[in-house]
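Can you build the whole structure from these sequences, using the hints too?
Number of protein chains: 4
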Amino acid sequence: MSKHNGSATLHDRRRKMKAALFARPVRPANLDGDPSVADLVEQMAGMSLQARNIGLCAEVLGRMLKDPDRPTIILGLAGPLIAAGLRRVIRDLIVHNVVDVVVSTGGILYQDTYQARGYRHYQGTPEADDIALRELRVNRIYDTYVDEDKFWETDLWCGKLADRLKPGPHSSRDYLDTLGGELEDEDSILYQCHRLGVPVFAPAINDSSIGIGLTEHHHRAVKRGRAPLMIDSIRDNYELTQIVAKSKKTAGIYIAGGVPKNWINDSIVMSYIFGREMGHSYAIQVTTAVTQDGGLSGSTLSEARSWGKVKSDADFAMAWVEPSVSLPLLAGYVLGRKLAEERSRLRFSWKGERLVSLEDAPEVRSAR
Amino acid sequence: MSKHNGSATLHDRRRKMKAALFARPVRPANLDGDPSVADLVEQMAGMSLQARNIGLCAEVLGRMLKDPDRPTIILGLAGPLIAAGLRRVIRDLIVHNVVDVVVSTGGILYQDTYQARGYRHYQGTPEADDIALRELRVNRIYDTYVDEDKFWETDLWCGKLADRLKPGPHSSRDYLDTLGGELEDEDSILYQCHRLGVPVFAPAINDSSIGIGLTEHHHRAVKRGRAPLMIDSIRDNYELTQIVAKSKKTAGIYIAGGVPKNWINDSIVMSYIFGREMGHSYAIQVTTAVTQDGGLSGSTLSEARSWGKVKSDADFAMAWVEPSVSLPLLAGYVLGRKLAEERSRLRFSWKGERLVSLEDAPEVRSAR
Amino acid sequence: MSKHNGSATLHDRRRKMKAALFARPVRPANLDGDPSVADLVEQMAGMSLQARNIGLCAEVLGRMLKDPDRPTIILGLAGPLIAAGLRRVIRDLIVHNVVDVVVSTGGILYQDTYQARGYRHYQGTPEADDIALRELRVNRIYDTYVDEDKFWETDLWCGKLADRLKPGPHSSRDYLDTLGGELEDEDSILYQCHRLGVPVFAPAINDSSIGIGLTEHHHRAVKRGRAPLMIDSIRDNYELTQIVAKSKKTAGIYIAGGVPKNWINDSIVMSYIFGREMGHSYAIQVTTAVTQDGGLSGSTLSEARSWGKVKSDADFAMAWVEPSVSLPLLAGYVLGRKLAEERSRLRFSWKGERLVSLEDAPEVRSAR
Amino acid sequence: MSKHNGSATLHDRRRKMKAALFARPVRPANLDGDPSVADLVEQMAGMSLQARNIGLCAEVLGRMLKDPDRPTIILGLAGPLIAAGLRRVIRDLIVHNVVDVVVSTGGILYQDTYQARGYRHYQGTPEADDIALRELRVNRIYDTYVDEDKFWETDLWCGKLADRLKPGPHSSRDYLDTLGGELEDEDSILYQCHRLGVPVFAPAINDSSIGIGLTEHHHRAVKRGRAPLMIDSIRDNYELTQIVAKSKKTAGIYIAGGVPKNWINDSIVMSYIFGREMGHSYAIQVTTAVTQDGGLSGSTLSEARSWGKVKSDADFAMAWVEPSVSLPLLAGYVLGRKLAEERSRLRFSWKGERLVSLEDAPEVRSAR
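Residue numbers (numbering that gives the first Met the number 0), protein chains in the order written: chain S, 0 to 367; chain R, 0 to 367; chain P, 0 to 367; chain A, 0 to 367.
Don't read these hints as lab results, they were simulated from the structure.
Heads up, a few of these hints could be off.
Copies of one chain are not kept apart here, so a pair can be met inside one copy or by any two copies together.
[Stated by the list, open to error] Taking lysine-lysine pairs in the DSS-like style, the calculated list, with each CA pair at most 30 Å apart, reads:
1. Lys222 x Lys65
2. Lys15 x Lys247
3. Lys247 x Lys149
4. Lys165 x Lys222
5. Lys337 x Lys247
6. Lys149 x Lys222
Dropping the structure here:
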């Protein structure tokens, strides 16, 4: 081959490589015509930076919801999401069958309970005088206030509920299912999960005001020489792992990070105990956690692949946008486009801590 | 007064203080009915965290646009906003008369020029192999790619333009106005600013590819023993300060931070040179810059009050949400609600570096 | 009073207020003479930004260690601290009697165990090819690698240990104390805590590889129809709360954030169950968590005052510096200045889950 | 080859790949014996996360200072570094010949001037009442206070200096050199640069209080019909590019980010104007800027390679640690280890804006 041809080939190859890199131009956002939230999110996929990441998360959501293998979708919730004003949005994701399992901090579920009992979060300011708030028994969550007296009352109520339940080991799911059954509030996450049979786990439920109530119950039981209700946290592992092991595929939706993210990912790894080698087929995360501290909240979903938590060929995306902004965008897309409408609901049959069966129940569609 | 009464009074006062703190409950987002972007942003004001901050920014925008004193609204732009896909959004804010003056990094205006000349940004990935990109002369901006050959060509073009202009001192505004006049692209920021008489400043224009072009021009001039076109950066100060000093009120919209934010704020302080003591009446910022490093990009607008850059009684808000996400939300709100529709356009009469007059031109409405 | 005098007074008052604000000039760092870490940290208190915050944290540490009321100091650990290379530093804080109680994520204690069993973390890179790592069973933690095969083996070992223990409810402290007793490694955190009687809690121990081992144990027990070892997470609450309630004062040292921070703070609140109304007298935190997402990791210690978790008049400081950098600085200060040398060690007498007594044991000094 | 052998080979290859990944164990920090700052920084290179990044930055610094090709080292400064208490540290880097050229925000150099004139920064708090500060004419920079009256006076002084200088175009370097000559303060950055012939650029000097003073001068000149002193910002480009083009190699040290970082990098690119194709051989950055917004402050040095700003085979590192903490660590390492002691000083011969020669002056050693 002549030198000339060689260069031509090289030049040609470079041209092709460049053309491949330049395959998809950035598409500027266009706000003409007062677009819907779903429209804007769709546009975001053609933008760059975190807008594109939001758009990519939306696309991954679309594919996980339409996958004929019907992955079991596990929603991980952390951060002050009820304070943020996301209670209704999360509740809608459950009611409209976007997610199959919920894993949450205890705090979120506690604050759902507090609201279900008629109490509210109030718009405050991060510049508040915390000493003055303390004197008034007003507790601050960044820019919202809650009523300590009503918190107190709700703590006690959670503990009293335990007094009525069977002593001995429970999973958080078991306890939370009972708790959800006591709430009568259509807007409640726990109520809807109970009603629809969606399992809710709080793997660190002791680290919440529900935990405070249960500690009071525990103390009462000890004093009276009775066996307390226990939250056997390993039972939580056992239960979620069974769900994973009985699923064809799994998908994770991570809001913020924290224990829920890591624990869901661990359950994927733990499926080996039941002879499966799982790995999420789909995963998205929206978070403010930085990557540079090496913590699990901000660790990339790519990193999770090195552990096998997320499959090597998984479909995933991650956006660094605070959840009070990013979750309404993503939920607005999914609900606006009715992406979960055709999706069947899973039916979980529990016998104590054993998941007897996990069935696809096509007849049970999302309702309300 | 009896002790009993004293307590009652105390109790009463506490109750009132608590009621004041609990005046506004958090209102959860509700995505029923496929809401528009403007609807969601309106809802956000009743949520918490950064969603509320976005909502508050939107409300401040609403009030600044409706203020009968017609503040001069100065838009500060930093960050890779063209790469991000925000070119059209920014252009629309100008065309629809939401802003009166633009202050930008040179990079943004350069990339606007690059696009106006027919070149594109491409969707890439932050995980790219930068050494391979280098070999292909593909430059990366986080997750977008640009074509170095076309950058090169555009740099030269900017320098050649200077060859044709009068040597000696210019402000960046003066040069950019000429540059905008050379572009024929309805979607261009610089073109529209030129067409509509909206002043555009790049106070650090030397720090951009436009600056590279002008340096080439400078070198050419030196070699040929000719006087070069100069960008007298103090002239920029002089010009913006006159605009501020001739305004009844001012308002700042800060996208990201950087030199544009600080420089606009400094022009407010500099108004003392013309015998005014200004201070923004309105200010909003959306940024990812952290506050804890003490830098000006992330410094709070409250801090700016200690300097008099923002008035003590100003109406302001700040959201920590990356601009590719936050700017479409805010612009979607303003445009969707047509908040600037009744707003007159300012007419700037320049005589060299002197602002002869700054008039409200009610007949010139936003168009297109 | 004449007008003149009034102005004079006003002028005088302003002068005084200004003088008060200007009482302490910033003292520039001076690196002459190759200063020690302790010297630099001491200097930092006179600087600004996060350097000052590090300096203030150091000063708070100094006061908490010298307080004659001998607060019970609780160390909260989160983030990949063993991977970071902080194992020895943390171990030294325990051995040198700087802290009295340790609350940790399960992950940190697991990785301490993995190292105690002879395995290592390796220097890697965040840009690694995660798919290639997966194939080699190399797991990535940001920029470090671990050996999945040795992880696996360590998981199993943790589960096997449970096979030998009494079935039924345990606290994480109880289990971890046993685990620590099995390790023979002077550099191990768990080993030293066991040796010195320092209680270690992992309130979300299920969310870790120890939890994976215990789940395997659980599954084995279920299959064989035997009662498993349970981790009753409410028992953890009960135990830590007793420690708090039996303390004269408490102090919190928070590395990163996560469940340990929040759970320690909750234990303070829970002391009401035992008739105490506690609140940390001292608290410091070093973290990378942002404040603007409202999450508990990044929530300010001031905010914690509104909850009564930190006392209204507490001595506290917080630095936004990643722990691999900030913890060696703070530990270098405390150890370099020998601040804990005179401090007595606490003696905890447990009877099952009951803390029979918590005594100050002056004769037991910190030792190696 | 038999199947068996094939597997053996595969197994062998995997073992080797794994061994390569596991070549360097993480080395835990050890604080025994009250280590010096330099000792700790050296240890950090064997740790992980940002500690390792600090350690790697230190190692890169060591290599750039010992390179026999003697790279021209350009220091980029942004952020409130004087307020932070870093004035002396920066001055020492100049005096001890660690850096050859300084590129800074105007603000840093202004605050150096303010201090050289006898005024101070004061320790304040980010929670200050900004409205009260405004009334007292106390300006806040995060957690420090400055005296507005003394700022004002210093602004005027900067403008008056311009009155005495030759009208017409100057570079910022030219003006700043004169300014440095007026200051009599051994601790001043500008004074030492003037004394030692170290060029200092402020490419956006108009965006600072020096710029305010020059604007006042400009206004005065305009009113009196006289030509003002101009800062031709393109001249800055021309000057720095000559330095780059006359250097064998270059190295960048970026504190924070902002215009200095980008502008230094652009000067590397601009060297093509003088027929060179440069690219930093060494680069380090310490910053708090996030990467995910795509901005230039937080853009990785790897990304800079795609532009050719940093060479493909360059030696670089980057740490996400706030400069008030990271700069004393790095400077403590360089000064403590006396790494620049043998280094010659560069001698710059300027004829107006032309760099006539750039010579290595071995006889001029770093001195105080």
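key: Violated hints - listed by number, lowest first   = 1, 2
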